[in-house]
Amino acid sequence: MLLAAGILIPILGGFLAYIIGRSSPRAAGVFSFMLLAVSSLLFLMANYLYASTVPAAAGPPIKAPEIQVYREQYDWRPIGRFGFLIDGVSFPFALTILILTTLITLYSIPYMVHRIQEEGVEDVGPRMGLYYLLYLLYSAGMVGSVLATNLVEFYLFYELMLIPSYLLIAEFGYGDRNRIALMYFLWTHVGALVLLAGLLTLGLSAGSFDIPALNTAAVPEFIKSWVLLAFLIGFGTKLAAFGLHVWLPFAHAEAPTPISALLSPAMIGIGGYGLIRFAVQLLGGSVAYTTSLYAISAWGAATMVYGAVMALAQSDIKRLLAYSSISQMGYIIFGVASGQFVGVSGSIFQYVSHGLGKGILFMMAGVLILQAHGLRDIGRMGGLAGRLPITATLSFIGFLTIFGLPFLAGFHAEWMIFLGAFTSPLYRGDWARLYVAAVALGATALTAAYTLWTAKRVFFGELPRHLEGVREAPALAWAPMAVLAALSVLLGAYPGLIAAPALERLKTLLGGIVFG
Amino acid sequence: LAEVLPPSLAAWLTFLLPMMGALATPLVARLGGRVRDWFAVAVALISATLATSMLPLALEGFSRAYSFPWIPVLGINAGVLVDPLSVLMATVVGWVSLLIFIYSVSYMEGDPGLTRYWFLMLFFIGSMQLIVLADNLLLLFFGWEGVGLCSYALIGYWYRDEEERYVGRLGHVALGVPQAYSPTHAGMKAFLMTRVGDLGFLAGIFLIYASAGTFEFTALARDTGWASALERHGLLIPTALLIFLGAVGKSAQFPLHEWLPDAMAGPTSVSALIHAATMVKAGVYLVARVAPIFYAASRAVGGVDAFFQTVAWIGAFTAFLAASQALVSKELKKILAFSTVSQIGYMMLALGVAGLSLSFVDGFTAGFLHLTSHAIFKASMFMVAGAVIHVTHTRFIDEMGGLSRSMRISYLAMLLAGASLAGIPPFSGFWSKDAILASVLGADRLPLKPAVYLLASATALATAFYTFRMMGLVFHGVGAGHAAGGHAHPREPSPLQWVPYTLLALASLGAGILAPLALEPALVEAFSKHLAGLGIEVVGHGAALNPLALATSLTMALAGTGLAWYFYVARRAEPGRFLRGPLAGLYTFLENRWYINSLYYRVFVYPVAAANAWSYGAVERGFFHRLNDGVAGFMVVFSRLGNWFDLHVVDGVVNGVAWVSSLFSLQVRRLHTGLLQQYVVAFVVGVLFVLLLLLMLFGGA
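Line by line, the protein sequences give chains A and B. 17 is the number of the first residue of the first sequence in my numbering; add one for each residue after it. 953 is the number of the first residue of the second sequence in my numbering; add one for each residue after it.
In case anyone wonders, no lab produced these hints; they're calculated from the structure. Please note that the accuracy of each hint is not assured.
Claimed, not checked - Computed Cβ-Cβ distance ranges for the label pairs, DEER-style:
hint, chain 1, residue 1, chain 2, residue 2, range
1, B, V987, A, D446, 53 to 63 angstroms
2, B, A1565, A, G390, 20 to 30 angstroms
3, A, E478, B, L1535, 31 to 41 angstroms
4, B, G1027, A, Q133, 50 to 60 angstroms
5, A, A461, B, G1186, 17 to 27 angstroms
6, B, F1575, A, V455, 53 to 63 angstroms
As the list claims (entries may be wrong) - Which chain B residues face chain A? A few, computed with CB under 10 angstroms, are given here:
hint, residue
7, F1094
8, G1095
9, T1136
10, T1540
The beta-carbon is built from N, C-alpha and C at its ideal position, and this holds for glycine as well.
Given these sequences and hints, build the entire structure.
What follows is the structure in structure tokens.
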């Protein structure tokens, strides 16, 4: 019941939030915060108090004896069972989503009031109510999709996060928002449909839509290759992998900033979850999967490099962060393509650390918009460290998390990904992939370049005259950043909080070979 | 002592205390600025004492790691390693840091950003001691990047980038590349350039882990199967070289040396601590830590001579390259920075030849001895330089002069430390340099040994020359400031400044007197045990004094000193005559840093920036954005087609949605009914597509 309640509370509470918002916009924000806080609490209880030890599910080629999971299931005939599962793979994803969505309800209060007033709306209440309704539906969709245990259920939640986020961009975004929202919708929706095709095909040919009951061994190899292709296109679109990425910079730059801080850090990475849960877990043993690892890792490396290069060419802070997200998703793809449990765990860690780091940075962009009259052009920034000391310090932690500095979460993702990427080809004598790994390692230098350079352009140098009056953001804006920064430091010291369950779980799926 | 304070605890606290102190700094700062400053000094003092408390054990050859499980699934532990190398290094780092901290209290007084300063300085000591004490490569990398971060943030400490904070002469351009950099530019340059080396380091670490399944030094030394595993793939020497690349970046060796001269944009106390005495030695320390392991582990598979040869050659070449640039530099701190690069080259050379000779311990000890003596005299020189720059209001030596009268103590301190740098006996620099030259001569497997020896000797000559050129221009002659009627009134700084650097200057003399008698033998003994523990048995320590090396180092030091004395101290001839005449071309070449800096900007920085802009214009906007527009156009056509569905199929659904929405008076309906229709259309078409696909697939089966 815990997880079902955890997902229903924000969905049902959202309508209440809408009604509350009409009379008091701030109360709607606080109410939404409480809803998601309760969800998070239920989730943590489920994971830490009620998880049980079960024999590891069948998975090639080496089995660990047992793993810790929490599972609840409801009858959902004829499709199967409607269930929720916390294991080492879904835990980090769901936790990150819950942390981000909970914190950003608070951040949204000052930001969205400002945003709505900026549009010339007198009565902020109803608009805030609508915002929080959509926000909560969107959050529930994200959490539901990473906890789902059934292919069709997964798709339903996947759509549930798509539609509200589309409306949030169209209703509250910047610039040419209707068109941009539509393009966002179209790209990701077509991706989702291709994915649906894959899910249905897999479910029908494996005899069940329930993931634990799927018997992929019986599925003919050629079907597996088609399904894998559908997964790659579907999740590749969500991850904004190179070639399928064009919607992202528009959507993430023009969404209202709190939503950008969910789209980039929380949502797109769910594509990475999908790859791990469906491509690696369900198709991991297939010939199609093993033979395409080379192509996938090259695709990941290309995305890493391309996103970083594009980020270096941007002058709009939100677009820069958006391109950075593309690059960071490349890390996830690249890690998954190592096909080795440390590397894949690194991808999971990357999702978490990117969520923390990029969450901070989008909030930083929001603070600049909020405190400096909609300032987004990096060319017009500089010297702000003196005016915004708290924001600058926290943003620095954000930049360095993306940079991959040890002591912060980002580094653990990086070394695990690259450990996987180096070890797995090395002992197959697969030199080509070793070269890809070298290219990808080079991309981390580009990442270092754009993070440091951006930090310099925003916070250092001379303070332009027009920014002399800028004042520090309200506590509601910086406190969420501070929490994320603290988590990044915490995970930097104790990576095991996230890494240990992920590693244990993936070891049972992929085999525990670290070295030859 | 070991009973009161077990070495395990001492080692952990040596690096943890400064880190915790850093975190506490913002809080302590609330008690007042002075409290905060002295708090930092106290933390540094405790840390140094803790490091020293392990010294007696370490000199006996004690070696043990203390670790706890960190990521148990992967068998990764976090731990400290207490052995002669780590403890000796930690002691040097601790005491030099302490003196520079005391100096900072006075030197940085009144700066508005001091809480940030002390936070970073304390975090720096913690990270540096972590590098030194870490028992595995992964943890070492933590400290490695930690000091990199502090270095970056402290080079760019004056983040407002005022012009007087720049490094380099404004307007100086070589090959179209400006040679003056703002503090934040210099900081970024340092971090990025060292990052290049770090990537190699990381790759090397992974290759080792991939074959050994561990990051731990003791385990790598104990079970050497990994070396043969790597050798089977032909990767043993590449792995060693990748790790060395990390050291090259951090220790500013060719070809990644260009960041260090510009790092002088930071406060001088930072230059003294981070960019002279400690952090830049981390690369040397890494080689000293890892090279013996490679040496011992690779004997079964034919050794790693190519690795040691590369280290030796890069060291020798860098030593010469940087010394040649110091000859002509006009900025006081930059002379010292070039000199640091050059002296670290010597240390690398020593470690390189250690693996190429019969007696590993000779080169190894020579390298460490030079590391120590350089840390002492160079920290002292930098601190004097800081005081001088402070009172003269200029960083250019041609705008200084005559300071020996007004700054007597500082002059003497600089003279003592400078004599050590120049390699004049009996100062410590003489003995350590001599030991390096001697071990070069002992390296049997060094190709082109005479050339290396020549480079090292030429460097010794240049070193003595640029040291006394600097001394002459800064302290002798007539003060340019006075001549121009400037308002600079040079006087001795506060004792908080001159006591630390005078102490260090005296220490370089003291160490010099002790070196041949006690210091070097003690080090040889400790390191013999250390190396024996790694499986490198010590074959008869070579003669302490090699007559040829002794003659060379004496001649070079005296010749260089004499020449510089003639031109710049006694001022018997005007050097400008030569520099504008026959040597003009060479002078420009050296002044422009062999054009390497400019080439890097021309080859790596500018083209990458241009390529980014180009690919953004041509690929992203030229192709992908058009693709997006095309899709948008298609969408319009598609939605018109969708009208048919709207009329016949979809209306019912939409009305249903609208009805639900109206219950909550959602504004969604007003704006988005049209879009929702498209959504449903897309959905229906999607389902059709799925069915089609399924039919295709199962039709085939």
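Quick rundown of the hints versus the structure:
no., hint, result
1, V987(B) <-> D446(A): 53 to 63 angstroms, "holds (59 angstroms)"
2, A1565(B) <-> G390(A): 20 to 30 angstroms, "holds (25 angstroms)"
3, E478(A) <-> L1535(B): 31 to 41 angstroms, "holds (40 angstroms)"
4, G1027(B) <-> Q133(A): 50 to 60 angstroms, "holds (56 angstroms)"
5, A461(A) <-> G1186(B): 17 to 27 angstroms, "holds (25 angstroms)"
6, F1575(B) <-> V455(A): 53 to 63 angstroms, "violated (21 angstroms)"
7, F1094, "holds (4 angstroms)"
8, G1095, "holds (8 angstroms)"
9, T1136, "holds (4 angstroms)"
10, T1540, "violated (31 angstroms)"
Of the hints listed earlier, those the structure fails to meet are numbers 6, 10, in rising order.
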